[in-house]
Structure formats: structure tokens, C-alpha cells
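Q: One letter stands for each residue in the lines below.
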Amino acid sequence: MIPDYLERILYLVAAVLFITGLRQLGSPDTARRGNRISALGMLLAIVVTLLDQAIVSYGTIIAGIVVGSAIGAFMARTVKMTSMPQMVGLLNGVGGGASLLVASAEFLHSEERGVAVTADVAFSTQLGVLIGAVTLTGSIIAFAKLQEMITGRPITFSGQQVFNALLFAAIVGLGGWLIFDPNAPEWVFFVFIGLALLLGVMLVLPIGGADMPVVIALLNSYSGIAAAMTGFVIQNEVLIISGALVGSSGIILSQIMCRAMNRSLSNVLFGAFGSVVQQSSKSASGLTVNTTSIEDAAIQLAYAQNVIIVPGYGLAVAQAQHQVRELADLIEKRGGTVKYAIHPVAGRMPGHMNVLLAEANVPYDKLFDMDDINDQFERADVALVVGANDVVNPAARTDPSSPIFGMPILNADKAQRAIVMKRGMSAGFAGIENELFYDSKTQMLFGDAKGSLSKLVSEIKQL
Amino acid sequence: MIPDYLERILYLVAAVLFITGLRQLGSPDTARRGNRISALGMLLAIVVTLLDQAIVSYGTIIAGIVVGSAIGAFMARTVKMTSMPQMVGLLNGVGGGASLLVASAEFLHSEERGVAVTADVAFSTQLGVLIGAVTLTGSIIAFAKLQEMITGRPITFSGQQVFNALLFAAIVGLGGWLIFDPNAPEWVFFVFIGLALLLGVMLVLPIGGADMPVVIALLNSYSGIAAAMTGFVIQNEVLIISGALVGSSGIILSQIMCRAMNRSLSNVLFGAFGSVVQQSSKSASGLTVNTTSIEDAAIQLAYAQNVIIVPGYGLAVAQAQHQVRELADLIEKRGGTVKYAIHPVAGRMPGHMNVLLAEANVPYDKLFDMDDINDQFERADVALVVGANDVVNPAARTDPSSPIFGMPILNADKAQRAIVMKRGMSAGFAGIENELFYDSKTQMLFGDAKGSLSKLVSEIKQL
Amino acid sequence: MNEALVGGIVVFVLATYLGASLIGRVPSTLHTPLMSGANAVSGITIVGAMLVAGAGFGWLSSVLGFVAIVFAMMNVVGGYLVTDRMLEMFRKSPRAAAADVAKAAAGDDK
Amino acid sequence: MNEALVGGIVVFVLATYLGASLIGRVPSTLHTPLMSGANAVSGITIVGAMLVAGAGFGWLSSVLGFVAIVFAMMNVVGGYLVTDRMLEMFRKSPRAAAADVAKAAAGDDK
Ligand SMILES: NC(=O)c1ccc[n+]([C@@H]2O[C@H](COP(=O)([O-])OP(=O)(O)OC[C@H]3O[C@@H](n4cnc5c(N)ncnc54)[C@H](OP(=O)(O)O)[C@@H]3O)[C@@H](O)[C@H]2O)c1
Ligand SMILES: NC(=O)c1ccc[n+]([C@@H]2O[C@H](COP(=O)([O-])OP(=O)(O)OC[C@H]3O[C@@H](n4cnc5c(N)ncnc54)[C@H](OP(=O)(O)O)[C@@H]3O)[C@@H](O)[C@H]2O)c1
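The listed protein sequences derive, respectively, from chains A, B, C and D. The end of the first sequence is residue 753 by our numbering, with every number in the run present. The end of the second sequence is residue 753 by our numbering, with every number in the run present. The end of the third sequence is residue 128 by our numbering, with every number in the run present. The end of the fourth sequence is residue 128 by our numbering, with every number in the run present.
These are calculated hints, taken from the structure and not from any lab test. Even glycine gets a Cβ: it sits at the ideal position worked out from N, Cα and C. Careful, some of the hints might be misleading.
Cβ-to-Cβ under 8 Å is the rule here; a few derived chain A residues that face chain D [as the list claims (entries may be wrong)]:
#	residue
1	Tyr295
2	Val306
3	Ile309
4	Glu527
Listed below are the simulated EDC-like cross-link pairs for lysine to aspartate or glutamate, each with C-alpha atoms no more than 16 Å apart in a straight line [as the list claims (entries may be wrong)]:
#	chain 1	residue 1	chain 2	residue 2
5	A	Lys704	A	Glu668
6	B	Lys370	D	Glu106
7	B	Lys745	B	Glu616
8	A	Lys656	A	Asp619
9	B	Lys629	B	Asp662
10	B	Lys704	B	Asp655
11	B	Lys629	B	Asp671
12	A	Lys370	C	Asp102
13	B	Lys656	B	Glu622
14	B	Lys370	D	Glu21
15	A	Lys370	C	Glu21
A few chain C residues that don't get close to chain D, going by computed Cβ distances all over 12 Å [said to hold, decoys possible]:
#	residue
16	Leu40
17	Arg43
18	Ala73
19	Gly74
20	Gly76
21	Trp77
22	Leu78
23	Val81
24	Val85
25	Asp102
26	Glu106
Looking at chain A on its own, in the form it has when it is part of the complex:
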């Protein structure tokens, strides 16, 4: 109902809104506005499509939009902040699923009519199907791992690599058949889809749960490429542009995320294969730790002038964000100052600590980025390490053989004294020993972080 050229121009406007939105999403001041600009672009694209001349029946469309929006809105409203990564993974998966369905529908429709498609359309179709399917099942596995519905550990079995290679070969073979033989029997297509879905599962299974944020960013990039391929199939520019945008920005983002953890993308994806289980180069034999009691720690904190709290993954596990805030308030009421030192990869997703502490209404201006606070540790009376481990491991600075060597860390070891709260002597995500715990200035306060913090609070109140 609108002329073709106008439709293309309006789609271009939508694409420009996506571009502007994504750019603004990258900087803190404009991020929220950027997201809204991008949403506006999507709204425009949907409205323009509704006016497309090819659309003859609106019933299905409206119904689908209403149902999908309702489910999406419900999920977004009810999800817990700390479950964001799996939520994004799930949404990404259904997005890939949509591309899979669109490409399949196009394929089946042209089969039905018996028209022979050209090789390039067939190629885009099969690529769209393949990538869409991998995104769908891969994201579902990522979701399940993060939600702890299946184990977070890498799942490997002997012969896995051979199996994957065969699987991949079969997919390439069937895909080629479908592309070059327009008369290929229909079962080939369905087997192709089935194998593609299986591939998605196989690719994500051997990756550890903690790496899932990176995997999701990568799958996000895939779902963009799938959308772009669908765009080639139905010859729609806005799909191609937006899909390509997401495809490349997603890859860059997953690389940035890897770099923040001081790892490479291929190490994340394939690290589980053939990894000689890294022997931590420093072993703890012969060293002893100093432990402390609630009473003792309470006194130190109560009379400290400068306290820096270093939260880590353990804080999230213990869900002790409210207790930590209570303790900080108490110290401040007694005249001390409390700051939070946020490491970029503390926790299991970027921004994990920010989200967690924001949930407990910790004022945003008490949270300090690593670079802003690292110089201040020397002047801190106490560094209170709550469930953090790798992000305060001095081996990153000193031991070139350590797997985390080179990762910038928080200088908790430079503080006058460090109190470390954890349950036992288990290692953190990187699976290595931490010298900080054996340092003479360090005192270990063993126990679940939530429990210890509550006890500290009541102890200090009695002082």
C-alpha cells in the first residue's frame, strides 16, 4: 500500500535508527536513550512491513505479534536481575528460531510451487536454516547451563571431536545437495535441519558454564547473520543491513569480553578439548593461612577509617548483597568510609556486581572501577574480600606461568590488612591457588558470606 521506493527508504531510516542506537548503547551517558532509539527503529520496520503490498491477511500477523509481545514482556518484567544472561540467551535462541522458520517456510513454499530456485537463493536459504538452527539449540543449552538445569562443567566424551567433524561433514554434504539439486527429496531438508539443531547442542556442550556470557554474545552474532541470510532469501534490505550490523558487532563484543578475562575466543570455544588440566604452578603445600573470628574481624572493621570492599562471585552465590550493604552502612555510621572496588570480570557476567549491588540499593557513587580505586588500596585499613578470588590473585602480576597472568587485578594485597570471606580453601573460576590467602597480612574468615556478614553486623552493633 506504500510504493516500493518509499518502503525501502523507510527501512533505511529504521536501519539508521539501529546504527545510532547501537552506538549510543556503548557509552554510559547515552545507553538508555540508545536502546530506545533502536526500539523505535524496530517499531518503524514493523509498521512499514504491515503496509507492504505482499501482505494480504492480517489475522495471523496480529495474533502472532500480540502473543509474542505478551510473552516477551512478561519474561522481561519478571526475570530476576541476576538471571539476565540466561534470559538474553533464551531470547536470542528464539530469534534464531524465527530465522530458521522463515527460511524453511520460503524453501517449502518454493518446493510446493515446484519453482526451481537459483543457486544463490538456495545457498542463502540453507545458510539461514543452518545458522538459525545452531543459534536456537546452542542458546537453549547455554540457558540450561546458566540456569543450572545441566551441569556447568564442560561436557566432553571420547570421540567427541570425531563425532563433531562427521556431523559437520554430513551437514555440508546435505546442504550442498540441497543447493545444487533442486529436485532433492524433501527428507534431505528435514534431516539437514535435524543435524543443524544437533550441531548447536554439540558446539555448546563442551564449554564451561562460566563462559556462557561469551557464548551468548557469539550466538547473538550468529542470529544476526541468520537474519541477514533470510534477508537475501526474501530480498529484503533491512534484514540484510540489520543482520550484518548485529553479526559483526556481536563478534567484536565477544572478543572484548574475552579480552577482559585475558583469554582468546578460540580458547573459550575449544578450550575443553585436549586441555592438559592446568596444574596451578604454585601449590599451597607447606604454607599456612591465618584465620580470624567474627569477634576479631568485627573489631577491626568497627575501628577502621578506610574500608574497601571487594565483591566477587561468592557474593552472588551467597546472595549476600543486602548484608554487605548493612555492614557498610554501619561502618559509615561509626565514622569510617567504605568504597566498593568493582573488577570488570568479577562474578560471572559483565556488570554482575553492579547489578547485584544496585539491587541492594548501594549508592552508585560508592562503586569504583578498578582503575579508579587501585591506587587507594595502600591507604585502606582493611580490604574486605567477599567471595572474590581470581580478581585479587597476585599471581596475575607475578607468575608468568599462571593461566591468569597478565589480567589486571585489584590490589587487595596492598591494603594494610585483608579480610577474606569464603567458605573454604576451594579455588575460584580459574581453578588456581591464591597467594593472597597465605599472605601474613591476610586473615581468612571462613563460612558462607551471608551468614558471616549477618554475624559481623550484629557483633558490631553490640560494640
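With chain A held as given, fit chains B, C and D with the ligands onto it using these hints.
A: Then chains B, C and D with the ligands, alone, in the frame of chain A:
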């Protein structure tokens, strides 16, 4: 002779080479490689065009390429490093001229054949002609100003703004006529070109010579847009893409250049109009300067441990780069250390001081960027200011009413002692007083920089 | 290769480079919202889903199209809302904003 | 509006955004070479000049085309050579290069 689709793909490859090249040009490590990658893209584009089916006669083309390349290569090889900006301006001008000619030829050719062009082609044609013409004459004026063939001062006359407005209105009117009336008489077109050429002159005349680098960056952006418009006329994608790339990156670059001088683009372009001549807020009345003699300065420099040399525009005027190096060598031979502090906008073009000192073979690792050296002035025995003025003016830090307030400056005033070499008490580019000269720690050494430096050298040699 | 395909490739390549250059130095706090915001954009496949579902291609296409619309719409609506919720948590404090201004004034041209 | 024009506009808009995002934080020493390198790219109008000069449109087009080729070729060859000469002067010293490496190692992810 190559199929259409292959031509477009190869053009796309050329465009990708431009993109990669421009990106790499922005960072010091890869800049040179980037330039070569970009040149490779251009070569590819030219070769592909030679293979275009529309081309039937090669004689003119080969002749043109040979002549143009020879002139270009000769100019590039012989130009003096310090004349780079005007050289770039001139090259940019002829590029705009080429776009003007191509668009004109297309227009005249379709006139000749009597075919009616559609409004959009006519629009692109006239826009290409207009922007190409403005680029051509604007760049020539910029060249003349930098080469000091005409005065570097803003040239204004009363009624100039009215004249420009009328000129612009006439151009819009004639352009509209040409676009909407395919039977417009031919003289309209030629008058249109003439007025466009005049507009280029009028736009650049009122801009001061020192702002020419920014103007050239902006005209460079224009010539990109002109090329893109030509691309719309002859329906050639590589012209559109590359033109648009240059068009937008040029504007961004000129904004960055303005920001480094703490000014706005519109202030550069239109600042000469209606500017109440800025009264420097601090006047020098009642203050006196300390002067020093060659002998005295020589002794101070000879026995200094840490000397920081601050070169400025006066060094370029005096062409004293070799003398400055000789002096530095001498001080180093006597056991002192010498560093050069390079302000980003010292001189009259970005990188002016680097080019100048490189010409005298000053080792690159003695040149320090502002941020790297500013902390070291406090420890310097002598800051030797050679023909610099605005870039060491403390008013930028302290006096909010100063036109350069907010511009980061070199902390020459923090050194133990400052020796300032200039010819008299005239102001620098910004036209304002400089408190540094009246500072009790500052000693003025009046005279042409080249002369003073030579005398210092021979004096020190005798010590 | 036909016209439209080549045109599509040109656009695809340009958009790919553009996407890559959009993501520069992103503070790590924004990684998750950025990921989720980009994810919402990939829901653009809704356009394809609508065209398949509404074109009157028969019941099979309608069914597949309907499911595709539901999926894509979940992705779009859920994605944008989740991103917005996250960003709400990352409001800038006045302190940080002031620091940024100071940095910018100190000359951000290197 | 015809197909080709719309296609051209799409490509123009994408390339414009791409160009703007290519130029990020450029050290001021590189402003002049970057300007001059971009200037050389704008010599792409050589393609148009060749098409006009070589298409056998008659003497007027040939003459205009010839001059346009000369101009554009000056821009191209001169532009790239001048840029290269400038950059040759800005060779990185080992010291500066080392400093960069150190900076990168210290975590360039902010
Ligand atoms: N942020 C991201 O995006 C991201 C993504 C993937 C991977 N990573 C990786 O994750 C790691 C994050 O470092 P981190 O220092 O935050 O965490 P970490 O190194 O994984 O250590 C967490 C520590 O918390 C302790 N803990 C667990 N549950 C606890 C509880 N209920 N109460 C008290 N303590 C508890 C554990 O010791 P006990 O069992 O002895 O108590 C463990 O040592 C880095 O290696 C990073 O590379 C981060
Ligand atoms: N770099 C760029 O890209 C660029 C572009 C446009 C504008 N600008 C502006 O240019 C200015 C550059 O600052 P600057 O400190 O380098 O220079 P400046 O402020 O322009 O001062 C140059 C000084 O050199 C002295 N001088 C001139 N000839 C001399 C000679 N032969 N021997 C000794 N001294 C001589 C002059 O004083 P006497 O006459 O008393 O000797 C003058 O005060 C800034 O305001 C900047 O914004 C820079």
C-alpha cells in the same frame, strides 16, 4: 569486458580497501601501511574501470593518466615538508575540479543528445557541479593564503554577507531552473558554474590563513561529496561509497582539528564576521619583563641538567630547526639532557613541529607529547621557549575570559626558569597577552630565533 | 549473479564493517546491556516472519510464519525491555558524570 | 524514484555512517597525513573521468574527460605520495612503541 556483476564486486573490494586503509591511517603504528592499502584500492578501481564495457577508446584515457600521474608525482616529490598543507589543498582542489568536469560533461552530453534527464539525475548533476566548483576555487584560495600569495588575514568588506546571500540565492535559483526545466537554455548552466566558482572564493576569503588546515579538511569532505554526487549521475557505486566515506570522515576530522584548538567549526568558518575585536582581558600595562643577554643565557643552558625545549610557530618562521638541534647536541655533549615538548597545535598545522624537527634529524624519541612531558617541567632547570606563545600561555588555565581558556597548554611556567626567544612583544596567533613573559622566573631573549640560537651555540662552545 | 544479489552483497559488506566499527571501547559494565540490545536488533527477522505469514502462501506457511512471528516478537519485546531494565540500574551518579566532564575538558584529543 | 537511485541512497547513507565512525581518536600528529590520505581517496572521481573520456561521446566529452583525468590523477598520485612522505617522517621510535605495548598490556578494555 568483464561482466557487470564482477565489476561491482571488484569495486566493492576497492571500497573495502579504502575503508581498511582509512582506519589504519588513524593510528601511528599502521598509518603507513594503511595509506598503501588505500592506494592499492585505487589501483584496483582504475584497472576495473579500464575493463568496463562502456569504454571504447583508450588513447585519451592513457594519455590523461600518464600526464596526471607525472604532474602529481613531481609535485609530491619536490614539495617542501613545511608546505604540505597548501600542497594537500591544491591536490584537493583539482580533485574537486575533476568532479566538476565529469558532472558537466554528463550534463552537456545529455543536452547534446536531447534526452530529458530525470529530476533526480539533474539534481545530482547540479549538486556535483556546485560542490566540485566550490572545492576547486575554495582550495585555490586556501593554497594562495598558505603560500602567502595573498594576505593571510581575513578579507572582509562591508556588505559581504548580503553579497554572499544574494550569490547563494542566485545559485539556488539557477540550479532549480536547471533541474526542473530540461529545456533551460545552455547559458544558464554556464552562469551556474561561474557563480559556483565565485562562491568558493567568497567562502574562503574571510577565513584567516592560520585556519586554512581546517578549511582544507572541510573542502576535502566537500570533494568527497562531489565525487559521490558524480557517482549518482553516472550510476557508479564505488564513487558513491568512496565519496561518502571521505565526505563524512572529512567533516569529523575538521571537527577534531577545531577541538584541538579549542574552537568550534562555525567559529572558524564565520568567525571573521561581526567579531568585536577581542580585547585581551589582561593588559600588560604596568608590568615589566626581564630581559637577558646571549652570554647570560648561554651560561644557564651550558650548566643546566634538564632542559626542555618548547618549539612554536616562530621556530618555523625563523626556519631555525637546524640551529635548535645544534644547541641541543651541544648541551647533551656537556652532560645535560634535552627533551622537546610538542604541543598538539603548536605551529600552524597539526604535526608542524614534528615535521620541522624531523627535517633537522632530531631523534624521534626526544619529542614528547604534551601529556607525557607536562609533569616533567617542575624538574626542569630551564624551559627554552623558541617562538612559542599561545601554547605556553597560562591564561588558558586561569582566565575564563581569555579566548584560549580551556585549551590544554605546556607547563613552561612550572620550570625552574624559562627563557623565551622571540623578536619582540607581539602576540601569537590568538592575539592576546601572555603572562608568562612577565613572570619573575622568565627571561626574554629578544631577536630572531635563528640568529639568537646560532649566537648561543658559538657562545657555549667558547665556555 | 543478478543485480539484486550483488546489491545485497554490497549492502551486507558495508553494514558488516559499520557494525564492527560501532563497538569501540565499551566499559565492561555495559557489555551485558549491549549484548542484549544487539540481540533485540537481531529480532528484525520479524519482518521476514510477517511477510511469510501474511502473504497467503497456504496453511503451512501461515503456521510456520505465525510461530516465527511469536518467536521474533518475544526476541524484540523481551530484548528491549530487559535492556532497559538493566540500564535503569546503571544510572550515572553525579560524581561520575562530573569526572567525565573534567576529563573531556582536560583535552580528549589524543 | 527508480530502483538504482534508492539503492544508491542506501549505499550512500551506510558509507556516510561508516566514514564517520572510522575516524575515532586520532593523535594530532596524524591529522595532516589523515587529511591528505582521505584527500587521495576522493580522487576516486578518476573512475567517472575515465568513463566520460573513453565512452566515445564526441570531442567535447573527450576533452572534458581528458582534463578531468589529468586533474583526478594528480589528486590520486600526488595525494598518496605526499601522505607516504609525511608518514615516513613520523616513524615510531622504539621507545614510543614500547610504551604503547605497556599501555595495551595494562588493560585496554575501558
Ligand atoms: N564477569 C564475567 O563476565 C565472567 C564471565 C566468565 C568467567 N569469569 C571469570 O570468573 C572469575 C571471577 O572472579 P571472582 O573473583 O569474582 O570469583 P572466583 O574467582 O570465581 O571466586 C569465587 C570465590 O567465591 C567463593 N564462594 C563461593 N560461594 C561462596 C559463598 N556462598 N560464600 C562465600 N564465598 C563463596 C569461592 O570459594 P569457596 O568455594 O572456598 O567459598 C570462590 O573461591 C574470573 O576468573 C573471571 O575471569 C567472569
Ligand atoms: N597547529 C595547528 O594545526 C594550528 C592551526 C591553526 C591555528 N593554530 C594556532 O596557532 C597557535 C600556535 O601557537 P604557537 O605558540 O606555536 O605560536 P603563536 O602563539 O602563534 O606564537 C608564535 C610566536 O613566535 C614569535 N615569532 C615569530 N617569528 C619569529 C622569529 N623569526 N623568531 C623568533 N620568534 C618569532 C612571535 O612573536 P614575535 O613576533 O614577537 O617574535 C609569536 O608570538 C595556537 O594559537 C593555535 O591554536 C594552530
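Q: Does Glu668 (chain A) lie within 16 Å of Lys704 (chain A) when you go C-alpha to C-alpha?
A: holds (5 Å)
Q: If I take the minimum Cβ distance from Val81 (chain C) to any residue of chain D, is it greater than 12 Å?
A: Non-interface label on Val81 (chain C) holds, nearest chain D Cβ at 33 Å vs cutoff 12 Å.
Q: Does the no-contact call for Gly74 (chain C) survive, Cβ to all of chain D over 12 Å?
A: holds (25 Å)
Q: Are the Cα positions of Lys745 (chain B) and Glu616 (chain B) separated by 16 Å at most?
A: holds (11 Å)
Q: With the threshold set at 16 Å, check whether the alpha-carbon distance from Lys370 (chain B) to Glu21 (chain D) stays at or below it.
A: violated (49 Å)
Q: Holds or violated: the hint that Glu527 (chain A) contacts chain D, with Cβ atoms closer than 8 Å.
A: holds (6 Å)
Q: Against chain D, does Leu40 (chain C) keep a CB gap of more than 12 Å to every residue?
A: Label violated. Min Cβ-Cβ 6 Å, cutoff 12 Å.
Q: Sort out whether Asp619 (chain A) lies within 16 Å of Lys656 (chain A), counting only the CA atoms.
A: Given pair Lys656 (chain A), Asp619 (chain A) holds - Cα atoms ~11 Å apart, limit 16 Å.
Q: Is the Cβ of Gly76 (chain C) farther than 12 Å from every Cβ of chain D?
A: Since the minimum Cβ distance to chain D is about 29 Å, Gly76 (chain C) lies beyond 12 Å and the statement holds.
Q: The output says Asp102 (chain C) does not contact chain D. Does that hold with a beta carbon cutoff of 12 Å?
A: holds (24 Å)
Q: If you draw a straight line from the CA of Lys370 (chain A) to the CA of Glu21 (chain C), is it 16 Å or shorter?
A: Measuring from Cα to Cα gives roughly 49 Å; hence the hint is violated.
Q: Against chain D, does Val85 (chain C) hold up as non-interface, every C-beta pair farther apart than 12 Å?
A: The assertion about Val85 (chain C) holds, with a minimum of 31 Å to chain D.
Going down the numbered hints, you'll see the structure goes against 10, 14, 15, 16, 17, while the others check out.
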